[in-house]
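Colleague: Sequence:
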Amino acid sequence: MNDVTIGKNTFISNMCSIRGRVRIGNNCSVFDFASIRGDLGSITIGDFSNVQDSVTIHCDPGYDVNIGQYVSIGHNAVVHGCTIGNNCLIGMGAIIMNGSVIGDGTVIAAGAVILENTKIPENSMVAGIPGKIRSNSNEYRKMAHTNAEDYVQLKDTYL
Numbered sequence: 000m001n002d003v004t005i006g007k008n009t010f011i012s013n014m015c016s017i018r019g020r021v022r023i024g025n026n027c028s029v030f031d032f033a034s035i036r037g038d039l040g041s042i043t044i045g046d047f048s049n050v051q052d053s054v055t056i057h058c059d060p061g062y063d064v065n066i067g068q069y070v071s072i073g074h075n076a077v078v079h080g081c082t083i084g085n086n087c088l089i090g091m092g093a094i095i096m097n098g099s100v101i102g103d104g105t106v107i108a109a110g111a112v113i114l115e116n117t118k119i120p121e122n123s124m125v126a127g128i129p130g131k132i133r134s135n136s137n138e139y140r141k142m143a144h145t146n147a148e149d150y151v152q153l154k155d156t157y158l
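Take numbering that gives the first Met the number 0: the final residue in the sequence shown is number 158, and no numbers are missing along the way.
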């Protein structure tokens, strides 16, 4: 079953796959080889967010994916059955597992692994395997927001 909704001014690469129950907001971008599969649950991506090359977003029964506004998901990251707040940056190759909740303004470092049912408070910097909070600062929210805004401008070059 495909029930895909794409918002206004959103760029979707013709080399990605979007299936199932998926809602992508306004002014978003989904780049090459991304896989967004809402076949076992629903996936919602908020306005001004970007899904970079080769990202996998998937869910399990009982574990929908909810991604906030102004979120950047870096190349090759895996986002699975979790919630990501607003103004977050998910680094390249990071893995976020079922039931995890990433607070607003958080940066997940490249290659970090967030284990199942982990709750990360807002404005955190998380790194390592398993992911551990390394510091907490409002600056992470600003950095993530700026990164997402840069991708909004980039996607406009593709439309």
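Check each hint, because a few of them may be wrong.
[Said to hold, decoys possible] List of simulated lysine to aspartate or glutamate pairs, EDC-like, C-alpha gap at most 20 Å:
#, residue 1, residue 2
1, Lys154, Asp59
2, Lys7, Asp46
3, Lys7, Glu115
4, Lys7, Asp149
5, Lys141, Glu115
6, Lys141, Asp31
7, Lys131, Glu148
8, Lys131, Asp155
9, Lys118, Asp31
10, Lys154, Glu138
11, Lys118, Asp103
12, Lys7, Glu138
[Stated by the list, open to error] Pair ranges (Cβ atoms, derived):
#, residue 1, residue 2, range
13, Leu158, Asn137, 14 to 20 Å
14, Asn8, Thr145, 16 to 22 Å
15, Asn65, Ser12, 18 to 24 Å
Calculated from the structure, these hints are not laboratory results.
Note that the structure is a prediction, hence the values are computed from the model and not measured.
Positions of the beta carbon are idealized from the N, C-alpha and C atoms, including for glycine.
Colleague: Against the 20 Å threshold, does the CA-CA distance of Lys131 and Glu148 hold or violate the hint?
Modeller: violated (27 Å)
Colleague: Can you confirm whether the C-alpha distance between Lys7 and Glu115 stays at or below 20 Å?
Modeller: With Cα atoms ~33 Å apart, Lys7 and Glu115 exceed 20 Å; violated.
Colleague: Is Lys154 close enough to Glu138, meaning Cα to Cα at most 20 Å?
Modeller: With a Cα-Cα distance of about 25 Å, the restraint between Lys154 and Glu138 is violated, given a limit of 20 Å.
Colleague: Between Lys118 and Asp103, does the CA-CA distance stay at or below 20 Å?
Modeller: holds (11 Å)
Colleague: Keeping to a limit of 20 Å between CA atoms, is the pair of Lys118 and Asp31 held or broken?
Modeller: violated (30 Å)
Colleague: Given the hinted pair Lys141 and Asp31, is their Cα-Cα distance within 20 Å?
Modeller: Violated. Lys141 to Asp31 sits at ~27 Å, over the 20 Å cutoff.
Colleague: Given the hint that Lys141 pairs with Glu115, does the C-alpha gap stay at or below 20 Å?
Modeller: Distance ~27 Å between Lys141 and Glu115 Cα, so the pair is violated.
Colleague: Taking 20 Å as the top limit, are the C-alpha atoms of Lys7 and Glu138 close enough?
Modeller: It is violated: about 30 Å lies between the C-alpha atoms, which goes past 20 Å.
Colleague: Check the hint pairing Lys7 with Asp46 against an upper bound of 20 Å on the C-alpha distance.
Modeller: The hint holds at about 10 Å.
Colleague: Check the hint pairing Lys7 with Asp149 against an upper bound of 20 Å on the C-alpha distance.
Modeller: holds (18 Å)
Colleague: For the pair Leu158 and Asn137, does the Cβ-Cβ distance stay inside 14 to 20 Å?
Modeller: Roughly 32 Å apart at Cβ, these two residues miss the hinted range, so it is violated.
Colleague: Does the alpha-carbon distance linking Lys131 and Asp155 stay inside the 20 Å limit?
Modeller: violated (35 Å)
In this structure, the hints that do not hold are numbers 1, 3, 5, 6, 7, 8, 9, 10, 12 and 13, in rising order.
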